[in-house]
Amino acid sequence: MFRSGKIKIKKELYERVKSFAEQAGYASVEEFIEHTLEKEISRTGGSDSEDETKKKLRGLGYIS
Amino acid sequence: MNRREFCKQSAFLIAGSLLGTKGFCSSLPSYTGKNNSKKVIVLGIDGMDPYLLKRFIDAGMMPHFQKLISTGGDFKEMQTTIPAQSPVAWASFSTSTNPGRNGIFDFIHRRPDTFELYLSTSRTYEPGGGKLRLGKWMFSLKSGELKNLVGEKPFWNYLTEAGIPAVIYRAPSNFPPFPGKAWQMSGMGTPDILGTYGTFSYYTDNPPENSGKVTGGKVYPTFPKNGIAENYLYGPANSFRLDEKQPFDEVDGEKHYNYEKLKIPFKVYIDQEHPVAKVVIQDKEIFLQQGEWSSWVEISFELIPHLKHLSGIVKFYLKEVRPHFKLYVSPININPANPALPLFNPPEYGEALVKDLGLFYTQGMAEDTKARTYNVFDDKEYWAQSQMVTADWFRAWRWHLDRFKEGFLFFYFSTLDLGQHMFWRYIDHVSPIHEQALKSGLKDPVETLYRQMDEALGIVSKKMDAQTTLIVISDHGFTGFRRCFNLNSWLLDNGYLSFLDPAQREKAEYFENVDWNKTRAYGLGINGLYLNLEDREFKGIVRADQEAGLLTELKRKLEMLVDPKTGEHPIKHAYIAKEVFKGRYVGTISPDIILGFRRAYRASWETILGGFPKDWFTDNLDPWSGDHCIDPTEVPATLVTTKKIKKSNPAIWDIGPTVLNEFGIKIPESLEGKPIF
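Just so you know, the sequences run in chain order G and F. Numbering-wise (the numbering used here), the first sequence opens with residue 1 and increments by one. Numbering-wise (the numbering used here), the second sequence opens with residue 1001 and increments by one.
No wet-lab data here; the hints were simulated from the structure. Please read these numbers as outputs of a predicted model, since none were measured by experiment. Just so you know, even glycine gets a beta-carbon here, dropped at the ideal spot from N, CA and C. Mixed in with the good hints there might be a few duds.
Stated by the list, open to error - Incomplete in silico selection of chain G near chain F, CB under 10 Å:
1. Ala24
2. Tyr26
3. Leu60
What the hints assert, rightly or not - Computed far set for chain F versus chain G, every beta-carbon distance over 12 Å:
4. Pro1221
5. Arg1322
6. Lys1674
As the list claims (entries may be wrong) - Calculated cross-link-like contacts (lysine to any residue; reagent style SDA-like; alpha-carbon spacing at most 20 Å):
7. G:Lys55 to F:Lys1245
8. F:Lys1308 to G:Glu22
9. F:Lys1213 to G:Glu22
10. F:Lys1261 to G:Phe32
11. F:Lys1308 to G:Lys54
12. F:Lys1557 to F:Ile1576
13. G:Lys55 to F:Lys1308
14. G:Lys54 to F:Lys1557
15. F:Lys1245 to G:Ser64
16. F:Lys1308 to G:Gln23
17. G:Lys54 to F:Lys1245
18. G:Lys54 to F:Pro1112
19. G:Lys54 to F:Gly1212
20. G:Lys55 to F:Tyr1234
21. G:Lys55 to F:Lys1557
Isolated chain G, as found in the complex (with noise of 0.2 Å):
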């Protein structure tokens, strides 16, 4: 499917996903699908930043 950088897509799904990157505000269909790629290559996009992280153990009773 990839040529020259470029991807081919169903135009169903390429409706899809511009209608759900509107919505979610991207700037673009493009900007959408790399920014998902990016997720997924990298697995890193759901993890807390280190001060969420501690600030969430706080919420344990033993610590103040």
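Using the hints provided, position chain F relative to the given structure of chain G.
Here is chain F on its own, set in the frame of chain G:
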């Protein structure tokens, strides 16, 4: 609207919320269908202290315990784990292994190579596909990849593999539930919808002075206008939708995306004459009098419009209408009727519970101790909230006993443990806050909690037959928490730990001021001390040939340490991990030394996550006035059985092998415990 009308509407809503829960009678797994098959029940009562239990039995307050013990039963103290922490002890119970093998040493662990901190019993691993962040955990549109970090197999899997049905209700350190055929609901360690141990929301026009310091909750200044208060109920970040105002930040040329925080607007209509109000959220209307709690309210966060939603449940508490507006909203529990994370294995277990019982608390530690600590609740309010939790457990207890026909049942009560944490000051006559507690108007909360556990025993006693063995256990005892020890401050002042900027001692948190290139040891978690080992820690400097000498030196100094105020040695044992644990997690995940405090002492609030107060010792003036995270010999667990206990010095890791033995199953050599009968 007058009070009667409000009440009528409230009653209608409550009745409405119960619709759909009747007319369905679920059953538990039964392999033979016979009613006279062998049954073993383990009733887990977190924190039941054997000394208090004996005192209350002797006082005639515990008739069902008294009867069980005096009619062929038995009662002994039981060894618990090093340290005497619940996740550690219950993981040892589940797997019949020591922490060195099951990998659970504390509530909090760190990755040595990155110094990333995490809750010890579960972690999230990124799955493919779309995802929703639930704090530490992930909600995936395809499949979640949560991992239970207990590193050994639970003993109940040996039962199901042998064809014995097993039901495990809220065992701690079991989130997500272990794979296997046992019916399981997750317990301690189960997050709320934000991925935390519990985060309440407090909306008020009179925010307390300590608002900025509140942990385990968030205060939202909310000022009613013309009798209407408006705000949002906040959920987790929605990784499907970017933040509208600032969709990304650019750092060194790289885009870092910011996600929109899920939120649901709500309004509170305050009656101008009477102390009542109406909360309107989504399509729900909840009528509350001042001082009244709502029943569960289902809410739904929209992830993708018309496509994907995240479901949660909350309770509202209208603390005050006038002169100030004060509305507490519980942590958003994962909805058991539509769980976003795996609470049940198999899912049919959850469906059966919900159909018969309606909605219930799913958060691992549902009693809101943080709301009490930060004075959002007073003692009576905390009591009321924790009693709602207990009511859920009692309903579930009866449900299970009505359906349990054969095999193994584990059932867990949490409220005694957290109640003792919060109310020990009532029975601790030397507590610095004892007299203050007695003025609260709450009468004998600790005694009442023990009586309730006697009632729980009474319920099961009526269901017992000759084929049933009952084992009542706790994971540890309890004692007062009057003095705090600042381990990291001690390490700093004794030259084992260094600062980048000594002037910032009390301001810096989370080890952020530590000069790791000059630090040989640090304290993390409630009982852990770690060496900054070369080739293990992310900036380790202690060479392998220095390790043994440094451990011996620290152990000696810590055990000799004296609290100048009391003249006592606060640390009974500084256990060197390699001497007391065996297994693949020793020296990797494990601390290098476990501090075994004497009664009345515990790690300070600040030192656990890397704070450095000025003094080594301080008084504990927090309502959290009882504790058990100390030397296991100081707080043994409780063991009460319907049969005579033959094993001397029984331990919590003996219970699994005992259950297997009751069913005639050969005990695998990998289990470390022995049968007690």
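Consistency of the hints with the structure:
no., hint, in the structure
1, Ala24, "holds, 5 Å"
2, Tyr26, "holds, 7 Å"
3, Leu60, "holds, 5 Å"
4, Pro1221, "holds, 20 Å"
5, Arg1322, "holds, 31 Å"
6, Lys1674, "holds, 32 Å"
7, G:Lys55 to F:Lys1245, "violated, 24 Å"
8, F:Lys1308 to G:Glu22, "holds, 16 Å"
9, F:Lys1213 to G:Glu22, "violated, 39 Å"
10, F:Lys1261 to G:Phe32, "holds, 19 Å"
11, F:Lys1308 to G:Lys54, "violated, 29 Å"
12, F:Lys1557 to F:Ile1576, "holds, 13 Å"
13, G:Lys55 to F:Lys1308, "violated, 28 Å"
14, G:Lys54 to F:Lys1557, "violated, 30 Å"
15, F:Lys1245 to G:Ser64, "violated, 33 Å"
16, F:Lys1308 to G:Gln23, "holds, 13 Å"
17, G:Lys54 to F:Lys1245, "violated, 26 Å"
18, G:Lys54 to F:Pro1112, "holds, 16 Å"
19, G:Lys54 to F:Gly1212, "holds, 16 Å"
20, G:Lys55 to F:Tyr1234, "holds, 16 Å"
21, G:Lys55 to F:Lys1557, "violated, 32 Å"
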